[in-house]
Amino acid sequence: MKKRFPYHILVFLFPACFIYTLFMIFPLFDTIRISLFTQNLMGENMDNSSNIRAFIGLRNYYDLFTNENWSWHFWNALKNNTYFFLLHVSIQTPIGLLIAAFLSSKDLKFKHTYRTLIFLPAMMSIVIVGYLFNLILSNLWGIPQTILGVVGLEHLYQPWLGLKGPALITISLISIWQFVGIPMMLFYAALLNIPDEILDAAKIDGSGPMTTFWFVKFPLILPTVGLMVILTYVGNYNAFDLIFAMKSLYAGPEYSTDLMGTFFYRTFFGFQMQLGNPTMGATVASTTFGIILLGVLIYLFAFQQRVTRYQY
Amino acid sequence: MNNVKDKYNHLIMHIVLLSYTLICIFPVYLLVNNSFKKRRAIFKEPLSLPTEETFSLVGFTKMFSRVDFSIYFFNSTFVTLTTLFLVLLFGAMAAWALSEYKFKGNTMLGLYLAFGIMLPIKLGTVSILQLLSSMNLVNTLTGLVIVYTAQSLPLAIWILTEFMKQVNQELKEAARCDGVNEYQLFFYIILPLMRPPLATVAVFTMVPVWNDLWWPLVLAPSGGKQTVILGMQQYIGQYVTNWNAVFASLSTALIPILIFYMIFSRQLIRSITSGAVK
Chain F
242 MKKRFPYHIL VFLFPACFIY TLFMIFPLFD TIRISLFTQN LMGENMDNSS NIRAFIGLRN
302 YYDLFTNENW SWHFWNALKN NTYFFLLHVS IQTPIGLLIA AFLSSKDLKF KHTYRTLIFL
362 PAMMSIVIVG YLFNLILSNL WGIPQTILGV VGLEHLYQPW LGLKGPALIT ISLISIWQFV
422 GIPMMLFYAA LLNIPDEILD AAKIDGSGPM TTFWFVKFPL ILPTVGLMVI LTYVGNYNAF
482 DLIFAMKSLY AGPEYSTDLM GTFFYRTFFG FQMQLGNPTM GATVASTTFG IILLGVLIYL
542 FAFQQRVTRY QY
Chain X
7 MNNVKDKYNH LIMHIVLLSY TLICIFPVYL LVNNSFKKRR AIFKEPLSLP TEETFSLVGF
67 TKMFSRVDFS IYFFNSTFVT LTTLFLVLLF GAMAAWALSE YKFKGNTMLG LYLAFGIMLP
127 IKLGTVSILQ LLSSMNLVNT LTGLVIVYTA QSLPLAIWIL TEFMKQVNQE LKEAARCDGV
187 NEYQLFFYII LPLMRPPLAT VAVFTMVPVW NDLWWPLVLA PSGGKQTVIL GMQQYIGQYV
247 TNWNAVFASL STALIPILIF YMIFSRQLIR SITSGAVK
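Protein sequences appear in the order of chains F and X.
Just so you know, my numbering puts the end of the first sequence at 553, numbered straight through with nothing missing.
Just so you know, my numbering puts the end of the second sequence at 284, numbered straight through with nothing missing.
Source of the hints: derived by calculation from the structure; they are not laboratory data.
Treat each hint with caution, since some may be false.
[Said to hold, decoys possible] With a Cα cut of at most 27 Å, we get these calculated DSSO-like pairs of lysine-lysine:
id	chain 1	residue 1	chain 2	residue 2
1	F	347	X	13
2	X	13	F	350
3	X	178	X	108
4	X	11	F	350
Pulled out of the complex, with its shape left as it was, chain F reads as follows:
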């Protein structure tokens, strides 16, 4: 007996696949296609834009990397973004790990309260966080001076957000402050999944809390640490809201807080005297896409394949 064609499978799959393909996968690749075209500089008409574009191959990329008009901003944004990411990984991960390790210790009281409150900032809109910290760090309000004054360190205060070096560090710290709850949660979940027998065995073998953490627990949750690093990587090269809220599109001072996201927006929509340039915007987006893809591939092949996974 021949089976009837299973139409119901198509019905179940179609809506999700259609929306996902048309509005997510297609645009990502179409953006790469657009990046190979040039633009009529008399102003882009979005409705019939295909008529006024000429194919120029990789010329946009060449310009982006080497032409003075673009390259300074591009390399600057890339450098800042890398710095932004490295700060996240080197500060956020250890703090998250420390808090998770503490939270996972048995019969500690107020666990739920701590983790609920520490996760709270991660639920807030980045825009709100950005404006809020603009106010808190503002000279007019003087919150940091007051706090530093309590411990007698008032002279350490500087208008951090306005200084070229400290601005990016300050903004990174704010972003780290906001999202520390995410590594905390993931590490906490991973630590809870470690079976008691393993920990008991370690204890019987005379391993203290520190030794147990570094030589038993940490290797076991290493896959989660790796996952967290790659999630941070993708999120960081995509960041936009925080800079936009705190620094607007100037990404000041002197573009020292410019990230790929803000650079992309300025390129695409134009800014001040500069006209918006969709095809160059597509080039910036595609380059960011490449950077993110590279990171994800390194993670998948170099890290995930090699790290030992333990099945409990």
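With the hints as your guide, set chain X onto chain F.
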């Protein structure tokens, strides 16, 4: 002796955790607290709670007299809930097909759909804007809903597939023997079983959509189609110097999320730690 050491360890942990918790909530406290105070009190005593003397709603009245935030609230709520509905429905349908039926390319399709978890849809902005403007969906809520649905589907499908694989095989066979067709099986038997994971997906979908700035900024920047976050951003852009109004508008945008989190935090945290996301 061990007990003393344990107590000592716990004390240190409490000190560290408590200090970090204070660092986390202090800025939120500053924000909510000061939005209910007079301008002078904001500057003079930023840390203290509003008293009878310093309490004031002037920021809120000022803000609501200038902008109609209720429109923005409607927009945000509409976009978030419609997206949620579509993501849960379409996501569960696709997850069901992937986990239940053996067909050619099943694994490949699963990978294809999971691909989107790692890729930010933001990078397709140039093309999406063209696509939506050719469909006349710029400055509409529909445009936002479509993009958010596409963006949220991969994670939803992935989480739901994991859970649907665990549904008891005998239950499904028993239903089929009773002459239930595949659609009835899905809608009347499987979906009700999926309530807990659907709730998890709901939280993961709603929060980023509600909080997003990028797509409202790109797709619906004007014409009364702004979301709360964008409306607040535009408002603050104009009235930076009025501290009362700035605090009030930040609070207004924040409070719905705070309430939402207060209600669902237990469930959210439980679903994260129970391995819904691995």
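Hint check:
{"no.": "1", "hint": "347(F) to 13(X)", "verdict": "holds, 12 Å"}
{"no.": "2", "hint": "13(X) to 350(F)", "verdict": "holds, 12 Å"}
{"no.": "3", "hint": "178(X) to 108(X)", "verdict": "holds, 15 Å"}
{"no.": "4", "hint": "11(X) to 350(F)", "verdict": "holds, 16 Å"}
Figure legend: structure checked against the earlier numbered hints; every hint is met.
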